[in-house]
Amino acid sequence: MRNLAVSYNETPVLQDVSLRIRGGCITALIGRSGCGKSTFLQCLNRLIEENGAAVSGSILFEGREILSPHLDLCALRRQVGMVFQAPSPFEMSIFDNVAYGLRLHERLTRRELRRRVEKELRRVGLLEEIGDRMSANARCLSGGQQQRLCIARALALSPRVLLLDEPTAALDPVSTVQVERLLRGLVPHVTVVIVTHNLAQAKRIAQQIVFFGRGTVLQIGDAGLLDGIGAEAALREYLEYA
Amino acid sequence: MRKIREALYRFSVITAAAIGAATLLLLAGWMLAAALPALRASGISFLMSPVWEPTRERFGISAMLLSSIGTALGAVAAASPAALCAALIFGEFCHPAVGRAFFALNRILSGLPSVLYGLIGMTCLVPVIDRKLYPLTAAAGGTGGLAVILILSLMVLPSLVTGYEQTLRAVPQAPQRASAALGATKAQTAFCCILPSIRRSVRLHAGNALRRALGEATAVLLVSGNVVRLPSLFAAQRTLAGTIVLEMGYAAGKHRSALFAIGLFLLLSTALLPSAQGEG
Amino acid sequence: MRRRKASLLLFLCIPVAASVLGMQIGLLWEAVRRAGHSSWSAALPHFWNQTVNTLLLTCAAVIISLPLAFFCGVWLLRTRHKRCKRMLLHMLSALAGVPSAVYGLFGYLLFGGVCALGYSLLTGALTAALLLLPTTVFLLWDALRRLGDTSLRSALALGAPEGRAVCGVLLPQAGHAIYTAAFLAASRVAAESAALILTAGIGETSARGLRRFLQSGATLSVGMFQSILEGETELAFSAGVLLLLLAALLDALSHGR
Numbered sequence: 001m002r003n004l005a006v007s008y009n010e011t012p013v014l015q016d017v018s019l020r021i022r023g024g025c026i027t028a029l030i031g032r033s034g035c036g037k038s039t040f041l042q043c044l045n046r047l048i049e050e051n052g053a054a055v056s057g058s059i060l061f062e063g064r065e066i067l068s069p070h071l072d073l074c075a076l077r078r079q080v081g082m083v084f085q086a087p088s089p090f091e092m093s094i095f096d097n098v099a100y101g102l103r104l105h106e107r108l109t110r111r112e113l114r115r116r117v118e119k120e121l122r123r124v125g126l127l128e129e130i131g132d133r134m135s136a137n138a139r140c141l142s143g144g145q146q147q148r149l150c151i152a153r154a155l156a157l158s159p160r161v162l163l164l165d166e167p168t169a170a171l172d173p174v175s176t177v178q179v180e181r182l183l184r185g186l187v188p189h190v191t192v193v194i195v196t197h198n199l200a201q202a203k204r205i206a207q208q209i210v211f212f213g214r215g216t217v218l219q220i221g222d223a224g225l226l227d228g229i230g231a232e233a234a235l236r237e238y239l240e241y242a
Numbered sequence: 001m002r003k004i005r006e007a008l009y010r011f012s013v014i015t016a017a018a019i020g021a022a023t024l025l026l027l028a029g030w031m032l033a034a035a036l037p038a039l040r041a042s043g044i045s046f047l048m049s050p051v052w053e054p055t056r057e058r059f060g061i062s063a064m065l066l067s068s069i070g071t072a073l074g075a076v077a078a079a080s081p082a083a084l085c086a087a088l089i090f091g092e093f094c095h096p097a098v099g100r101a102f103f104a105l106n107r108i109l110s111g112l113p114s115v116l117y118g119l120i121g122m123t124c125l126v127p128v129i130d131r132k133l134y135p136l137t138a139a140a141g142g143t144g145g146l147a148v149i150l151i152l153s154l155m156v157l158p159s160l161v162t163g164y165e166q167t168l169r170a171v172p173q174a175p176q177r178a179s180a181a182l183g184a185t186k187a188q189t190a191f192c193c194i195l196p197s198i199r200r201s202v203r204l205h206a207g208n209a210l211r212r213a214l215g216e217a218t219a220v221l222l223v224s225g226n227v228v229r230l231p232s233l234f235a236a237q238r239t240l241a242g243t244i245v246l247e248m249g250y251a252a253g254k255h256r257s258a259l260f261a262i263g264l265f266l267l268l269s270t271a272l273l274p275s276a277q278g279e280g
Numbered sequence: 001m002r003r004r005k006a007s008l009l010l011f012l013c014i015p016v017a018a019s020v021l022g023m024q025i026g027l028l029w030e031a032v033r034r035a036g037h038s039s040w041s042a043a044l045p046h047f048w049n050q051t052v053n054t055l056l057l058t059c060a061a062v063i064i065s066l067p068l069a070f071f072c073g074v075w076l077l078r079t080r081h082k083r084c085k086r087m088l089l090h091m092l093s094a095l096a097g098v099p100s101a102v103y104g105l106f107g108y109l110l111f112g113g114v115c116a117l118g119y120s121l122l123t124g125a126l127t128a129a130l131l132l133l134p135t136t137v138f139l140l141w142d143a144l145r146r147l148g149d150t151s152l153r154s155a156l157a158l159g160a161p162e163g164r165a166v167c168g169v170l171l172p173q174a175g176h177a178i179y180t181a182a183f184l185a186a187s188r189v190a191a192e193s194a195a196l197i198l199t200a201g202i203g204e205t206s207a208r209g210l211r212r213f214l215q216s217g218a219t220l221s222v223g224m225f226q227s228i229l230e231g232e233t234e235l236a237f238s239a240g241v242l243l244l245l246l247a248a249l250l251d252a253l254s255h256g257r
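Residue numbers (the working numbering), protein chains in the order written: chain A, 1 to 242; chain B, 1 to 280; chain C, 1 to 257.
A portion of the hints provided could be inaccurate.
Unchecked claim - Distance condition first, Cα-Cα at most 30 angstroms in a straight line; then the derived DSSO-like pairs of lysine-lysine:
| no. | chain 1 | residue 1 | chain 2 | residue 2 |
| --- | --- | --- | --- | --- |
| 1 | A | Lys119 | A | Lys203 |
| 2 | C | Lys82 | B | Lys3 |
| 3 | B | Lys186 | C | Lys82 |
| 4 | C | Lys85 | B | Lys3 |
If you're looking for bench data, these hints aren't it; they were derived computationally from the structure.
None of these values were measured; they are calculated from a predicted model.
Isolated chain A (complex conformation) (with noise of 0.2 angstroms):
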């Protein structure tokens, strides 16, 4: 993207944004709290709009410019998905909740569906686990599965990009590991990009890393950076503290 500018109500919180996120790979973006990693996520599938926020500059996603206003929202969407911070399971069975995303763009058999949904609760690995439980609600399943659910429904669309705003903030060591395994095995299908607060995460997952701070893109580089090789300023500062 170039130029990338954000703000919410005339107040700034992205300024002048460019950078090239590397497909196929792990990208992390760390930062401060408040630095808008979040908005800059939430830029690249067009969400941040929700919250009335005002978006110029210009994003390419393959080639074509995703900031125009008659871009069609449910295919962009398609291709880049999003897991929030928080699980955030719908209302509805484990598997309405999975094949919620399938039966909105594709036009799938019940038997297709249903290979599909275990196709993607097998990835997570939740299969195993819930497998014989797929008509039962979806919130009686623990934070980790739910997080992971939401992993799957995401994924079930097969997008090209992943986007996922601290999705193991929540969680417990073991789901982490869990999640960070499952996030490891999807590339170089799926562009991954990934917000975190943890730096260790970070550096077990990544091979991109953008650095956020002062609401505009301070340096980019590779795992390598969180060893402080050719860390600038602000970033030592804020790998002192982790």
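With the hints as your guide, set chains B and C onto chain A.
Frame of chain A, contents of chains B and C only:
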């Protein structure tokens, strides 16, 4: 297909919002239009004069206005603290089952028609007032301001209790625990920590009750004596809302217009009171 | 505040609370005591007619106003025009406090006059729906705001168009709130008298089936008022007890979920 569904959805949403807005505008506008003839004829004396004689086309609502305001204020002033005490005691300081029963009772009572309260007032309260306070009530036989205030307070009590119950339940636990950790008794926590934090809510609920009391017609008609004169505790009187219901059946021409003017006035005054709901 | 002062205050609250309870129980007791037994057989057909009118009118009013309130709440939730939203909120807030007698006047003018429905159950139902609108909107909007945010966003992030996301995901989640709001609304309509006197009128309906809606008829509360004016207080109390049972039933049902 999807486009049709989306369009239908958008249409429903916008229409619903439009209806909500249009209702108020239409209501106010129409009442204004219907009320104009009487207002123009009476001028400012509509508000100032206590003389209400439809047959001679003299329309002054000040007596009824004072009656409405006096009784409504009296009712809420009596009922609000009582409801708060009750909600506090039954909510925090007694057996949970008793509390639940009390609040269920109040929920049911708040669904009762106001006519019933008027009826009870008429058959039980008024004779009792008459008997016990005899010399004062000679002229009106027990009807009058006191009866109206008592009935109105009984009427708004259940909804106030229910409202306060919800407010008390919504008070966050953390400050209460902190207060207890500092060594406060339950009573101290209640009066020093909880009550101050619900001041705003209390004001809003009381405002709600006031609006309801101002607008109550049928119950008041049964106990107020229905004579248009300046209000007092033991003399028969009439309120604004009661007049509308009472005279609408046979009003015509300027008289009818005057009734609409009363309606308009009620609309304006209740719209300006604080509400427990508008606060987003 | 000193410990003793607080305890004393509490001590004083107890009789107040007790008297509140006592008065309410006394009210119920008196109402039940005075409900008439003597004229039951003569009164039964009246009660039956009024009960039918009450049920029909209540159901119609709730069915009309619930979807309206839901979509209005959705608009409040999803709109981007902040000023319009604030204006609507103020308007609804003002409407919520308007006395029912005024709604009755308005309903009579609009539905009875302009829509040429005259005095009828339908006029009453439409007026009642308007009466219910502001409070129900606030209830539902509050519920939608509290429940729906992340789920709605998740649905949108999956590429669902807004209508589908709202009706498919938000609506089921708000189901419980809608259910409660419906019963609250129903008990409000059943207890309404002033507005219905001016729109649905008094008297009895005689048609069969849905044709009743076009006739004027008294509901139980209006009938109560009528009985009182005619001096039949026993009948009025009986109707009151019926309404009490109805209110208890509605309250019990509203917790059913």
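For which of the previously enumerated hints does the structure constitute a violation, in increasing order of number? As far as the earlier hints go, only 3 is violated by this structure.
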